[in-house]
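Protein chains: 2
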Amino acid sequence: MKIPVVAKILEANERIAAENRKLLKKHNVFAVNIMSSPGAGKTTLIESTIKALAGRVRVGVIEGDIQGTADAERIGKLEVPVVQINTGGACHLDANMIGEALRGFPLDRIDLLIIENVGNLVCPAEFNVGEDAKAMLLSITEGEDKPLKYPLMFQESKVLLVNKMDLQPYLNVDVGKIKRDARILNPQIRIFEVSARDGTGMKEWVEWLGGHIR
Amino acid sequence: MKIPVVAKILEANERIAAENRKLLKKHNVFAVNIMSSPGAGKTTLIESTIKALAGRVRVGVIEGDIQGTADAERIGKLEVPVVQINTGGACHLDANMIGEALRGFPLDRIDLLIIENVGNLVCPAEFNVGEDAKAMLLSITEGEDKPLKYPLMFQESKVLLVNKMDLQPYLNVDVGKIKRDARILNPQIRIFEVSARDGTGMKEWVEWLGGHIR
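Sequence lines, in order, name chains A and B.
Residue numbering for the first sequence follows my numbering, starting at 2 and increasing by one per position.
Residue numbering for the second sequence follows my numbering, starting at 2 and increasing by one per position.
Hints in this document: simulated from the structure, not taken from any laboratory.
Relax, there's no trap hidden among the hints.
Treat identical chains as interchangeable: a pair holds within one or across any two.
Straight-line alpha carbon distances no greater than 30 Å define the calculated DSSO-like cross-link-like pairs of lysine-lysine that follow:
id	residue 1	residue 2
1	K52	K27
2	K78	K180
3	K78	K178
4	K159	K180
5	K26	K204
Turn these sequences into a full structure, and let the hints guide you.
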């Protein structure tokens, strides 16, 4: 159990997160850090969100992955500024990585920065990166036991997006339990039931985002 | 980037993993370490595997979770020896945790030890725990891009179980690409298409396991 090491990493991380937050505020950029399991639909959600906000809110994206640029290429097709972070093994983004990505990022030309974290339900919740809000995406295909198994993620998030609602007829999943348990862990959490693929519920999520633009 | 710290952790981990491996070998126990994203179906797969092996192979289970005992309780209903590890925040099992769990475990009364790792596609692949084989479970709901995004997991695994095949009619997922990319990363990998829920393909996986019992 390596708790002392982790504590030191987290302290140093918090200092850099505060610098990132200051920089983003200076440029009137609202930043949301999107976290989920691998394959829960983060990139598809970001694509749908950018399309829904087009003409109203200028979006920039930081993509976090162990390696590769597949997600950044998908986002780049939507002609928004995008930077790819390759963590090279680390299973989460940290504030220092985001600080590097923000160097040279056209912050004066965006209103909203969407950060796609590495797919992982544990460590991303422990590392603040300077965001205004963490939003968690949970695919209903993952089952209703996730809030109680990964509580920190739900406690740290302002928003829970319950995704892949279009698959509900084919699954034995209790979406009510997901929502109840998430609210036990975090009574303030805003919950949106969405399908990033078919557009279900996206309007409410996009309105929530729009209401936070500076 | 905290690479020096991670390197030291990994060295110490390897020494303890070797001790665990020696202990398991002494008791003629074959150990498989099951890794996946959260919600890919590890516990359901283990339940189906135990039922399929009943009367032929004596199974024991170590459950790894951040917190809680829900999975161990599910497995306990099948009347096999089970130990729950709560990692208390760590996003993976390490050799030291497994060493602790093996103290007092009835190794003389089992032939197969199934270790359910914490749901995470990154760090579990970096930490050997003394297992004979790593088996990775990928739910097709996670999409076909996972092998190229999380390559280490596929490179380290002897077996890839492509799970939730019963949902294929409702998804736009290219299972062929999953298998092709997995084999590019790891030409020796054995791939089984399964549905732990409805039993599809479970026979081949269980035969593979049975063939490795000492």
